[in-house]
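Residues per chain, in single letters:
There are 2 protein chains.
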Amino acid sequence: MNEIKLFCPATIANLSCGFDVLGLCLDNVGDEMVIRKSAQKGIRITKIIGADLPLETENNVSGVAGLALLETVNPDFGFEIEIYKNIKAGSGIGSSAASSAGAVFGINALLGYPYSTKDLVQFAMQGEKLACGNAHADNVAPALMGGFTLVRSYSPLDIIKIESPSELYATVVHPQIELKTSDARSVLKQTVSLKSAIMQWGNVGGLIAGLYTQDYDLIGRSLHDEIVEPLRSVLIPGFDLIKQAALENGALGSGISGSGPSIFALSKGAATAEKIAKAMSAVYEAINLPYEIHVSKVNSEGVKIL
Amino acid sequence: MNEIKLFCPATIANLSCGFDVLGLCLDNVGDEMVIRKSAQKGIRITKIIGADLPLETENNVSGVAGLALLETVNPDFGFEIEIYKNIKAGSGIGSSAASSAGAVFGINALLGYPYSTKDLVQFAMQGEKLACGNAHADNVAPALMGGFTLVRSYSPLDIIKIESPSELYATVVHPQIELKTSDARSVLKQTVSLKSAIMQWGNVGGLIAGLYTQDYDLIGRSLHDEIVEPLRSVLIPGFDLIKQAALENGALGSGISGSGPSIFALSKGAATAEKIAKAMSAVYEAINLPYEIHVSKVNSEGVKIL
Chain A
1 MNEIKLFCPA TIANLSCGFD VLGLCLDNVG DEMVIRKSAQ KGIRITKIIG ADLPLETENN
61 VSGVAGLALL ETVNPDFGFE IEIYKNIKAG SGIGSSAASS AGAVFGINAL LGYPYSTKDL
121 VQFAMQGEKL ACGNAHADNV APALMGGFTL VRSYSPLDII KIESPSELYA TVVHPQIELK
181 TSDARSVLKQ TVSLKSAIMQ WGNVGGLIAG LYTQDYDLIG RSLHDEIVEP LRSVLIPGFD
241 LIKQAALENG ALGSGISGSG PSIFALSKGA ATAEKIAKAM SAVYEAINLP YEIHVSKVNS
301 EGVKIL
Chain B
1 MNEIKLFCPA TIANLSCGFD VLGLCLDNVG DEMVIRKSAQ KGIRITKIIG ADLPLETENN
61 VSGVAGLALL ETVNPDFGFE IEIYKNIKAG SGIGSSAASS AGAVFGINAL LGYPYSTKDL
121 VQFAMQGEKL ACGNAHADNV APALMGGFTL VRSYSPLDII KIESPSELYA TVVHPQIELK
181 TSDARSVLKQ TVSLKSAIMQ WGNVGGLIAG LYTQDYDLIG RSLHDEIVEP LRSVLIPGFD
241 LIKQAALENG ALGSGISGSG PSIFALSKGA ATAEKIAKAM SAVYEAINLP YEIHVSKVNS
301 EGVKIL
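Chains A and B supply the protein sequences, listed in that same order.
All residue numbers for the first sequence refer to full-length UniProt numbering, where the first residue is 1 and numbers rise by one.
All residue numbers for the second sequence refer to full-length UniProt numbering, where the first residue is 1 and numbers rise by one.
Don't read these hints as lab results, they were simulated from the structure.
Where hints are given, some of them may not hold.
Which copy is meant is left open, because identical chains are indistinguishable; a pair holds if it fits in one copy or across any two.
[What the hints assert, rightly or not] List time: in silico SDA-like cross-link candidates among lysine to any residue, alpha-carbon distance up to 20 angstroms: (1) 129 x 213; (2) 129 x 158; (3) 41 x 221; (4) 195 x 181.
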């Protein structure tokens, strides 16, 4: 195999109570990438369609993630990467993670799979480090592994994949505003009350239990964020109305995707997810705020070979 | 049925990362109770063997818990309760919870099971309120329901039972010192760092995932408490040595049982649990500190009819 074409999925990180640890993979929202072997060693980004991103390997997240992998293998050939972006940068659904995940997945495949998919997370994290200064795994892990992922620990890196209940759908609305990650981070408080923290880890426990037992009601009861959402949601126009519209239309829960500005809702079944999409759209249409909206099953496999 | 004899199990609450939310039920450590119908309405505590506890119904945790249940049913007969205590008060393995759980379980059975076992938790919590001023559920829930229990929320009360992996054993050592709950509470800080809180809920997620997948290694990797153990363990003589002895002898993890002074270790298989018991015993023998030690499988059913 000399060339591989990939679907590189968008992801939702910071899933309500699972701030910084829980993410999920979307199924029909994502980029495409073509990766091919080349005689010249190293990595060249030969084409980027759909976004204004750097072509220099060292300045591109897929280049940096790919190089991190290549350093450990050092083959006597190299790779060319073409990127067809659909996920908007800064949307809060893992645009950079999709590119980092795709690059390491594709290169690993063309090398004959020297690494397991889970092992690739550490390399893809280097792309995230370039993108936001922090080698976080909560988008690249679900992008690579699919389903839900729990980043239990960074030191050592310990990632647990949790299969998604079969009828779980996400609705994600992206208001077309710019929300800088630095602003989203600056509103966080470095200390939290013990009481809120206990409620949060009770809900994390409930959410994980709900996923394993396919208990949609329990998933819904657990989808609360006591700590971050109250601080960050004020940065997102119409957040309360969007969330209310989602819950009134049958969402199990709703919250901020990543560090925003996208807002997600989870629901049981495609029909409910579509109904929620309509209700969310109506909120932004009423205030004339441009938006994109996605309805997607949870993707169980992560990056896919096309 | 006019009389019922019960085994009322000890429990471990505040399971490492699961402070205030996660507990488990022990299988061969516990009290016995006999509960029988009587013509006289209300509840009378007719006998207490093995502990110096109040016989007045309103001052006894089993009396108070039983009355909370009876108030909702109001039968035209009453109950007598005999209590044979084996669990020492103040040991940190749910002595009062065993009595509260036994009382409501037995009365419910003699009434023909008007309530599910899970529904009984709310009544047993009233016994805990008498015992420690706080109607907490993290001992009465596992005592009634068995296995592991997650108290996801108090308002509304939401308890999730999680079956224990089949080979999971607990070793519990009880140093014979008095540790007042008020002292154990006073060392807690009312705020925690966001970073520690995130580590804690990552570990709660990992622990729940490990229980559902019977992944003993993951259970072990998740059994950390970033927040409470560092503060409380200094109140328990030899804590660090006991924990080290447990881990060096194959424990998956070790921590404070309840608010102490008992220390628990979890392990895979009875042989490891026994080996840990020997190592823990050696620590307290070396410093001439009297102790009791228990080795028990996790009890999957809670209160048992004898």
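We went through each hint and held it up to the structure:
Proximity of residue 129 and residue 213 under a CA criterion of 20 angstroms is satisfied in neither setting, with 35 angstroms inside one chain copy and 32 angstroms between copies. When the C-alpha separation of residue 129 and residue 158 is checked against a cutoff of 20 angstroms, the pair qualifies only within one copy, where the shortest distance is 18 angstroms, while the shortest distance between copies is 39 angstroms. In this assembly of identical chains, the alpha carbons of residue 41 and residue 221 never lie at most 20 angstroms apart, being 52 angstroms within a copy and 40 angstroms across copies at closest. Taking the closest pair of Cα atoms, residue 195 and residue 181 come within 20 angstroms of each other only across two copies (18 angstroms); inside a single copy the shortest separation is 27 angstroms, beyond that limit.
Hints 1 and 3, counting from the list given before, are not met by this structure.
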